[in-house]
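The numbers in this note's numbering rise by one with no breaks, and the one at position 259 of the sequence shown is 288.
Mixed in with the good hints, there may be bad ones.
Said to hold, decoys possible - Calculated lysine-lysine pairs in the DSS-like style (CA-CA distance at most 30 Å, straight line):
hint, residue 1, residue 2
1, LYS104, LYS144
2, LYS253, LYS206
3, LYS144, LYS253
What the hints assert, rightly or not - Listed next, with one range per pair, are the computed distances between beta-carbon atoms:
hint, residue 1, residue 2, range
4, PHE129, PHE282, 49 to 57 Å
5, ALA207, GLY286, 41 to 49 Å
6, ASP249, GLU179, 20 to 28 Å
7, PHE248, GLN158, 47 to 55 Å
8, GLY197, PRO103, 15 to 23 Å
9, VAL176, ARG204, 49 to 57 Å
10, PRO208, ASP294, 50 to 58 Å
11, GLY286, VAL176, 20 to 28 Å
12, LEU66, VAL146, 21 to 29 Å
13, PHE282, SER251, 16 to 24 Å
Keep in mind that the hints were calculated from the coordinates and are not lab data. Ideal Cβ positions, reconstructed from N, Cα and C, are used throughout, including at glycine.
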Amino acid sequence: MKKTALFLFAISCLITSATAQDSEANRSDNYRRGWALEMGNAVGYGTFRDMGTAPLSFNGLLFQPTLGLHLIYPKRMEFSFVSRSSLGIFEDAVAPALNFGSFDINFYSRLMFMKAVKGKAASSQAKVQVLQFYWGAALASFLDVTVNTEYENSATGVSYFIGPEAVGRVDIMPRWKAPLMFHAELGLLPVAAVMRPGYSYIDNYTATHPVLDALFSDFDVSLKGFAGADTDIGIDLVTGPASRVSLCYLWSFHTSGNSGYHRFDHATHILAIDLLVRLHTADKR
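Put together the whole structure using the sequences plus the hints.
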């Protein structure tokens with residue numbers, strides 16, 4: 030009888046201990062946060078037209094490295110800061126062909142908050158294992174500098190956009206053995222402050238006037254509705270918590286429209302490989 034009582038007591042202790050451990054694990058999962066570093070490289074195609082320097086469209090090749098930092102609360106929310114810098118060599122439509130005489134340098138950065146709004150862990154019979162939706166808000170900025178070596182005092186154009194961005198994202202993981210996941214993200218810039226620092230416009234043919242004397246001589250600042258948009262569509266190889274390798278297509282578009290004296294349009298089509306590496310995981314106490 031005593032042996033039976035001791036055996037039941039031991040089983041009770043084990044069950045209680047396991048329940049406590051499960052509770053602690055669930056609590057940790059709910060509050061665990063992880064830091065992750067994002068690094069990447071990309072190549073692609075870009076086009077721009079700056080009516081302040083030339084009434085032509087320029088097209089060419091872009092090289093774009095990426096660097097970012099993410100603070101991730103699994104299945105709950107995420108804070109991130111991501112910066113993408115591009116360097117491109119461009120040509121215009123004027124003969125001869127392949128006359129790469131202009132350059133485009135731009136810097137895109139985004140400070141973003143995202144929150145999970147709906148998730149689904151499918152049953153064993155479902156074709157989709159994970160379906161997760163996110164919404165977010167960000168502060169986005171885009172600085173672009175164009176250089177046209179064939180011009181005199183209208184050689185350089187500078188454009189700067191900054192404003193709030195609305196972001197939506199969906200992650201889809203089909204039920205297969207490989208840890209692969211699809212993602213699609215859309216960002217919209219509903220309104221932005223557009224700054225066009227002063228430089229010699231195409232109408233000013235005083236070629237003897239030094240270029241540097243005209244830079245930043247005045248500022249044209251205006252508000253533009255629906256000033257930009259960007260997408261990120263790709264497939265992820267999930268390598269662990271807050272870690273993945275992504276192959277993705279990135280598209281972006283910015284326009285000053287008719288908000289200033291001279292219209293500026295800029296678009297890119299980029300194929301990127303991004304690596305997200307977990308740096309540290311800690312519990313919030």
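These are the hints, each one checked on the structure:
1. LYS104 / LYS144: holds, 8 Å
2. LYS253 / LYS206: At roughly 47 Å apart (the allowed maximum being 30 Å), LYS206 and LYS253 break the hint.
3. LYS144 / LYS253: holds, 27 Å
4. PHE129 / PHE282: 49 to 57 Å: For PHE129 and PHE282 the Cβ distance comes to about 23 Å; the hint is violated.
5. ALA207 / GLY286: 41 to 49 Å: With a Cβ separation near 45 Å, ALA207 and GLY286 satisfy 41 to 49 Å, so the hint holds.
6. ASP249 / GLU179: 20 to 28 Å: For ASP249 and GLU179 the Cβ distance comes to about 24 Å; the hint holds.
7. PHE248 / GLN158: 47 to 55 Å: holds, 52 Å
8. GLY197 / PRO103: 15 to 23 Å: With Cβ atoms ~19 Å apart, the hint holds.
9. VAL176 / ARG204: 49 to 57 Å: holds, 51 Å
10. PRO208 / ASP294: 50 to 58 Å: violated, 40 Å
11. GLY286 / VAL176: 20 to 28 Å: Once the Cβ atoms are compared, 23 Å apart, the range 20 to 28 Å for VAL176 and GLY286 holds.
12. LEU66 / VAL146: 21 to 29 Å: holds, 26 Å
13. PHE282 / SER251: 16 to 24 Å: About 18 Å separates the Cβ atoms of PHE282 and SER251, which means 16 to 24 Å holds.
Checked against the numbered hints given earlier, the structure breaks hints 2, 4, 10 and satisfies all the rest.
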